[in-house]
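From first to last, the protein sequence lines are chains A and B.
Going by UniProt numbering, the first sequence opens with residue 1, and the numbers climb by one from there.
Going by UniProt numbering, the second sequence opens with residue 1, and the numbers climb by one from there.
Don't take each hint at face value.
[Unchecked claim] Below are the DSS-like pairs computed for lysine-lysine, each with C-alpha atoms no more than 30 angstroms apart in a straight line:
1. B:206 / B:136
2. B:105 / A:158
3. A:207 / B:136
4. B:9 / B:136
5. B:105 / A:207
6. A:207 / B:167
Treat the hints as calculated values from the structure; they're not laboratory data.
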Amino acid sequence: MTPQIRAEAARLSAHFAAHGAEPVETPILQPADVLLDLYGEDIRARAYVTSDPLRGEMMLRPDFTVPLVRAHMESGRAEARYTYSGEVFRRQEEETGRPSEYIQVGYEVFGGTFPEADAEVFATLHSALEGLELRAVTGDIGLIVAAVAGLNTIEARKRALLRHIWRPRRFRALLERFSGRRPAPAGRAALLAAEDPLAGAGPEIGKRGAREIAARLEALREDAAAAPISEGEVALLDEIMTLSAPLPEAIGALEDIAMSLPSIEAALLRLKQRTEALAARGLAPEALEFEASFGRTALEYYDGFVFGLVAPGRPDLPAVATGGRYDALTRVLGGGRAAPAVGGVIRPELVVELRGSAQ
Amino acid sequence: MIRLGVPSKGRLMEKTFDWFGQRGLTLRRTGSDRDYAAEVAGVAGLELNLVSAGEVPRALADGRLHLGVTGSDLVREKLAGWEQVVRELAPMGFGGADLVIAVPKLWVDVETLDDLDAAAAAFRRTHGHRLRIATKYHRLVREFLRDEGVADYQLIDSQGATEGTVKAETAEAIADITSTGETLRANGLKVLPGGLIHSSQATLFKSRRAEWSDADRALLQELTARLGL
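Here chain B stands alone, though its shape is the one from the complex (with noise of 0.2 angstroms):
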């Protein structure tokens, strides 16, 4: 039996439903609009599980799914070492979103990451703290800082409405995700320039650590010649 996860609600879920129906291969829900039971029409073998996108992720980390539909931010943020738990099988096209460092309108000065790691050296000289970026993609942001070798930064812990830490004085700089930076133009930021951090998408992965049968194998074999892969 292979458990595919898709995301629970919403256009996420939607977009899903007609990303697979495009390829042949119908998913339904089969209660009510509350309650979470689905399936794939006509495909002996596969369950079809309704999660929270959030959690698909790890779910797949631990091999409750075989298969998950989930952005593919989540995936780098929640898993470390993703590409050792999970593998890529497609990006599907939408749920796009940014993921960027975005720093005051006013910072002419800064529209590079040079300009960032400078402008925080000055920062810890003249406060006596690090410059404080607010997100809740702390692994993603981090590495990303790291590999890029900016330094004197604190990342400090927003899980919502992060673009106002700024105004508030919790933090300096944020990094958080974005398709069309409004709300970012709307709180006095802008996006730096060199600040991308990653590019994400609704993107279906397979597990690496959940149990495959010789059955299970066989079939996802089916499945992804039938999706086009």
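Chain A extracted, bound-state conformation (with noise of 0.2 angstroms):
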């Protein structure tokens, strides 16, 4: 970590400060049930794990948005500001050249109204690189959401789908499944239509019991009785996850998907609010790239409105700063309560890369 990198840092913080948040903490050393438990086993790959003698499985913080939810929700209070600054910690498996270490500056809102702490959130960090050339690209998980939702299919299914919205392969082989693109595995119609399909099969042995089975080939039957889910509607859904254009292009290709897919309605409503509050803020929408599948493979997990900054020309490089809204998150985290959430992170490091590479 270099001078150059930590005055950055601290004039990041400072700028944050100056649009009211204010600084918090979090411990280096996190849970790591919490992380594993929201993530899954993956996480594993991407962070350290360490043991204490006492509390047992720690990781070493991968970011700040898990242990800053935590912190929020405890408190109880409904509006806040926060900026942050400190190491994360990212495990590399294979030799990326990426560093395993390095900090992050953060600024999140709470509590704020929609859309405009969407907005906040984007010109406050957007505000902070200015000089850096960098290029904006925005998404929203929302209208994906919101296509999903509207198929016209079984809730199980939809509820499959959105499960798997951030494992675009999987989200895949689901889709054409349940179009029935691909087909059902050998010997699925018999067995579902057996009398006792658990019969001669084996011993009940573990913790997944008869019962869940039963349950489960219910579920499977429900699935093989209903109607694929149409062509149409299929291309429908690749039209918006390949989407990419500038903003108010997008917005016009998303009013003609609306014609034949309605259920994006409101989230498109949402978006044009959300550009309209961008503009507002000086924020030229034609400047700004739309790609709809964006933060679809990223860590955090995002809901709504996700953005990034990434230096044009530099594809050897991470985004220079990312965010977006989490919810979800919160409702999670928050034990029964939640708490709307936008936010964003700064990596001081990529940008006195890019200062010195434009000298």
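Join the two chains into one complex using the hints; note that each chain is given alone, in its own frame.
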């Protein structure tokens, strides 16, 4: 960590504080179970796990979002703006040349109103990086959620697809099966038709018992009886997910899609309102890219607005800034309560590197 | 000096000796059955080391061995980014075994990874914790399930008698090496048809991290020619 990077982090912290954020700290050691339950086993490949003799498995924080959300939800406060600055740790399983330890400086708004909070967070990060000529990419996970929720099919299929929005490959596999492009496994029809599918199957061992198997067989019967998701709907979904254009053009394309898929109308309205709120802050929509699948493979689980500020012509570098809305995360960690939350982080070491290469 | 590491005991060692022998290179032990001294007959500049198969990957990565024979599963499990660390010179056609996912035979509803994933989601809702898979191949299993997009599972470390973990209710499923599947069946488990993670076999690897002098490179070229690689 060079003095330049520290100085840049301090400059960013001051910028965020000047926008009304109060500085907060979180412990570096985080309980592993919370992160594992949230992100799944994959996080082990991306975070350092260590063990504490008293507290069990701990992780070096891979980001600030989770501890910050927990702290905010426990505080019971309705509204707050926070800023933080500190190291995060990301294990690299392969030689990528990317650092396994770097500083994040963040700005997070809890309890803000829509769409102002979205625009505020984006504009605050954007103005912190003025002069770097970064490309702004935006997306909206809420649009994909709305498109899936509006499919003309059974609820169980929608639930399954929504669960895998952040895993594009499984999402694709499920969609192919639900639309009849990929056949059910051999023998499945006979199994579902059998009077006693469990007869002679084997001893009942383990915690997943016969009743759970019977419940899943019932779900499979319901699925088998349901009509496939139509080719037309799959095509519309593909069209949304591969959409990539400047924001005004993207809105135009989505308006066309909404004629055939009216379920996205509410999400599209939110996208338009956010675009207006951004424009009101002097961010011209034509200068903002829209990529509908942006943020789908990220670590964080954003569920609405997502954005990144990336250095054009430097595909070797990760995004200098990333952020988005994560209302759902507050519900998961809030123990029954939820709060609207939007935030983003900047990596000062990338700012320093880009300034250095520009000179 | 090129250092070649081969498995230090059992059938794997014998088969390795045979494999080299059939290609005109005689590997032999020089001491008693109990010590691990060995040599390659008539090749100057090639030193034979008898090493536990499990330690060969690390020794190749550290550059302590130039060449090594071990299971392809062990290299993939123990070395992050293994392709940057070693190069596969030759699959040797023995020591074959599959790393598979196995679930209770009773799970008639689980045949594919789609099914495993759906069962894991329902299991988590019912039991309040993720579906546990016992294994000692953490990296291979995790990478496989990540690439396939399976969620809501949890890996439980099991260094032995993994097939028994389901009955003991410390895991709901397992991921383990099997050659015939017999032990799995005897423990009430079945191989998940879509759950083949890796087909392993004994393989001759070259270290990319060891120091290779000009003389070493010349010798390697001569060896690969003799071995028909």
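Next on the checklist: With the threshold set at 30 angstroms, check whether the alpha-carbon distance from residue 105 of chain B to residue 158 of chain A stays at or below it.
Outcome noted: Holds, at about 29 angstroms.
Checklist entry - Under the criterion that the straight-line Cα-Cα distance not exceed 30 angstroms, is the pair residue 9 of chain B, residue 136 of chain B satisfied? => result holds (22 angstroms)
Checklist entry - Holds or violated: residue 207 of chain A with residue 136 of chain B, Cα cutoff 30 angstroms? => result holds (21 angstroms)
Checklist entry - Is it true that the CA of residue 207 of chain A sits at most 30 angstroms from the CA of residue 167 of chain B? => result OK: residue 207 of chain A and residue 167 of chain B at ~9 angstroms, within 30 angstroms.
Next on the checklist: residue 206 of chain B and residue 136 of chain B were given as a pair; does the straight-line alpha-carbon distance stay at or below 30 angstroms?
Outcome noted: holds (25 angstroms)
Item to check | Given pair status - residue 207 of chain A, residue 105 of chain B, alpha carbons within 30 angstroms | outcome: Cα-Cα ~13 angstroms, so holds.
The earlier numbered hints are all upheld by this structure, with none contradicted.
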